[in-house]
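Please model the complete structure; the sequences and the hints are all you need to start from.
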Amino acid sequence: MDELLNILKTNALETPENLAKMLNQTEEEIKAKIAEYEKNGVIRGYQAVINEDQLDTHYVTAVIEVKITPQREGGFDHIAKRISKFSEVQSVYLMSGAFDLLLFVTDKDLKNVASFVSEKLATINGVISTATHFMLKPYKNHGILMESHDEYERLKVSP
Amino acid sequence: MNTNDSKCPRKIIAKNLHDLPRSGIRDFFDVVSSMHDVISLGVGEPGFDTPWHIREASVFALEKGATGYTPNLGLLKLREACSAYVKKTFQIDYSPKEEIIITVGVSEALDLAIRALVDPGDEVLYHEPCYVSYAPVIRLAYGKPVPIPTQKEDHFRLTRDQLEEKVTSKSKILILNFPTNPTGATLPSKDLADIAAFICKHNLIVITDEIYAELSYEEPHVSIASFPGMKERTLFLHGFSKAWAMTGFRLGYACAPPEIIEAMMKIHQYTMLCAPILSQEAAYEALQKAETDIAAMRDAYRKHRNFMCASFQKMNLPYAEPQGAFYAFPNIKDLECSSQEFALKLLEKEKVAVVPGSAFGASGEGYIRCSFATSLDDLKEAMVRIARFLARR
Numbered sequence: 040m041d042e043l044l045n046i047l048k049t050n051a052l053e054t055p056e057n058l059a060k061m062l063n064q065t066e067e068e069i070k071a072k073i074a075e076y077e078k079n080g081v082i083r084g085y086q087a088v089i090n091e092d093q094l095d096t097h098y099v100t101a102v103i104e105v106k107i108t109p110q111r112e113g114g115f116d117h118i119a120k121r122i123s124k125f126s127e128v129q130s131v132y133l134m135s136g137a138f139d140l141l142l143f144v145t146d147k148d149l150k151n152v153a154s155f156v157s158e159k160l161a162t163i164n165g166v167i168s169t170a171t172h173f174m175l176k177p178y179k180n181h182g183i184l185m186e187s188h189d190e191y192e193r194l195k196v197s198p
Numbered sequence: 021m022n023t024n025d026s027k028c029p030r031k032i033i034a035k036n037l038h039d040l041p042r043s044g045i046r047d048f049f050d051v052v053s054s055m056h057d058v059i060s061l062g063v064g065e066p067g068f069d070t071p072w073h074i075r076e077a078s079v080f081a082l083e084k085g086a087t088g089y090t091p092n093l094g095l096l097k098l099r100e101a102c103s104a105y106v107k108k109t110f111q112i113d114y115s116p117k118e119e120i121i122i123t124v125g126v127s128e129a130l131d132l133a134i135r136a137l138v139d140p141g142d143e144v145l146y147h148e149p150c151y152v153s154y155a156p157v158i159r160l161a162y163g164k165p166v167p168i169p170t171q172k173e174d175h176f177r178l179t180r181d182q183l184e185e186k187v188t189s190k191s192k193i194l195i196l197n198f199p200t201n202p203t204g205a206t207l208p209s210k211d212l213a214d215i216a217a218f219i220c221k222h223n224l225i226v227i228t229d230e231i232y233a234e235l236s237y238e239e240p241h242v243s244i245a246s247f248p249g250m251k252e253r254t255l256f257l258h259g260f261s262k263a264w265a266m267t268g269f270r271l272g273y274a275c276a277p278p279e280i281i282e283a284m285m286k287i288h289q290y291t292m293l294c295a296p297i298l299s300q301e302a303a304y305e306a307l308q309k310a311e312t313d314i315a316a317m318r319d320a321y322r323k324h325r326n327f328m329c330a331s332f333q334k335m336n337l338p339y340a341e342p343q344g345a346f347y348a349f350p351n352i353k354d355l356e357c358s359s360q361e362f363a364l365k366l367l368e369k370e371k372v373a374v375v376p377g378s379a380f381g382a383s384g385e386g387y388i389r390c391s392f393a394t395s396l397d398d399l400k401e402a403m404v405r406i407a408r409f410l411a412r413r
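Residue numbers (the working numbering), protein chains in the order written: chain E, 40 to 198; chain W, 21 to 413.
No lab work stands behind these hints: they were computed from the structure.
For lysine to aspartate or glutamate, the following DMTMM-like pairs were computed, each having C-alpha atoms within a straight-line distance of at most 20 Å:
#  : chain 1 : residue 1 : chain 2 : residue 2
1  : E       : Lys179    : W       : Asp69
2  : W       : Lys164    : W       : Glu184
3  : E       : Lys195    : W       : Asp57
4  : E       : Lys48     : W       : Asp319
5  : W       : Lys400    : E       : Glu42
6  : W       : Lys334    : E       : Glu68
7  : E       : Lys195    : W       : Glu401
8  : W       : Lys334    : E       : Glu56
9  : W       : Lys400    : E       : Glu56
10 : W       : Lys210    : W       : Asp181
11 : W       : Lys334    : E       : Glu67
12 : W       : Lys400    : E       : Glu53
13 : E       : Lys195    : W       : Glu65
14 : W       : Lys400    : E       : Glu66
15 : E       : Lys195    : W       : Asp47
16 : E       : Lys195    : W       : Asp69
17 : E       : Lys179    : W       : Glu76
18 : E       : Lys195    : W       : Asp50
19 : E       : Lys48     : W       : Asp397
20 : E       : Lys195    : W       : Asp398
21 : E       : Lys176    : E       : Asp146
22 : W       : Lys334    : E       : Glu66
23 : E       : Lys195    : W       : Asp397
As the structure is a computational prediction, the values presented were derived from the model and not from experiment.
Structure representation (structure tokens):
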């Protein structure tokens with residue numbers, strides 16, 4: 040992967056000035072490259088990674104395994120794209136193994152998730168079955184640990 | 021006169037040691053330690069923690085009961101892994117049974133090497149600015165340190181001409197350390213070939229400290245030991261501290277002809293017995309995934325280096341772009357103060373710790389060593405502070 044993308048994946052807020060210094064390019068070149076990635080859709084967006092456990096929100100997240108029947112002329116895509124459009128659905132992946140789609144669904148309480156599954160998801164033509172698991176506690180998200188631990192102190196000067 | 025006479029107490033500390041100065045880094049360390057919230061560019065170790073799979077392997081070894089001595093030379097499986105790694109990475113073939121010894125860091129390996137080779141009065145050549153322990157270790161073995169100053173304008177290269185100027189009939193050893201701590205210098209193959217010819221001509225032995233070999237940013241590192249006829253007269257020292265971020269494990273190794281390893285082993289066996297078994301187990305694990313770990317660290321350091329150099333350029337601070345290791349060695353001669361004064365003032369005014377170049381030998385005066393192996397956030401803040409410090413002068 041392009042070094043620029045590697046850095047932005049770790050820190051999307053890195054300034055063009057700093058990126059230019061790290062990659063031995065000019066700020067203008069960096070800005071143009073980022074604009075190009077945004078335009079052609081390689082960069083799809085920028086988000087903060089938040090540890091919701093530390094906030095007073097009461098959202099619940101469910102991980103749902105979905106078995107579906109692939110359709111003629113479209114396979115799994117048609118249903119997967121349809122499911123992706125629901126605003127409760129955060130992520131959708133096509134999986135190998137015992138089920139087909141893996142969904143991450145967030146809503147404000149258990150009841151809402153239950154009604155999403157029974158009324159919207161399970162009723163889609165082609166959905167054979169669902170298995171819903173509720174997430175209890177996040178430990179690591181997008182490569183970032185959700186709890187910081189005290190740094191082991193290092194020497195300030197050494198040979 | 022009885023020297024044990026209580027009226028005339030004998031000197032307690034041995035004369036040879038008494039005359040040996042403390043490391044300049046040590047003095048500076050005492051000052052830094054007394055302050056809070058210091059951003060440090062002063063450490064000679066990676067800002068990364070040791071990769072998790074290596075730490076995990078040490079825990080597992082401890083659980084398994086790896087708590088005893090190992091053979092003096094080190095665990096055979098580790099020596100075999102080192103042999104394979106050195107062959108693959110540097111194209112030099114060492115027998116794990118008789119040409120490799122596992123040591124407590126390269127520091128011990130260097131001490132063993134010098135003590136095994138130096139007779140009183142033998143001269144040891146080395147390029148300077150250099151790692152703090154070269155001259156003291158030579159002096160502790162009653163040898164004579166012969167530093168060869170290298171210059172920023174030359175990118176701190178060592179040339180055959182410089183060597184020819186300093187060599188005498190008493191010269192026995194040349195110590196090389198490329199990539200270099202503290203300058204980040206590397207040596208092109210052509211220069212190495214010239215130096216190899218010089219070594220053969222004068223019948224010298226080379227101790228090559230290649231602890232930063234993996235951290236070469238432009239060209240892959242080449243070892244002097246891989247040149248024709250050089251393996252027989254070279255001690256190749258390497259370790260795990262820098263490329264695997266394992267400084268606290270204290271683990272290194274020396275590769276050399278059997279006769280030399282046998283001599284080093286005698287000292288090691290009577291003074292150290294063996295390197296700690298847990299560190300040896302950890303090092304064995306490190307060599308199992310060597311390429312992935314090292315590539316990740318090298319890529320990160322390269323970006324940090326570029327960032328630091330671009331920042332120095334903006335500040336008009338003269339430097340030679342480091343081609344290896346993780347230090348920049350900018351020149352502060354125009355600021356009309358000693359490197360010690362500069363470092364102390366920078367610490368006092370902006371709470372940034374750098375190491376005065378004078379700690380690395382007389383030719384380091386006028387420079388400061390700045391490590392870029394720290395977190396990017398610290399590096400950014402340090403550059404802002406140094407720029408502000410320079411602007412106010």
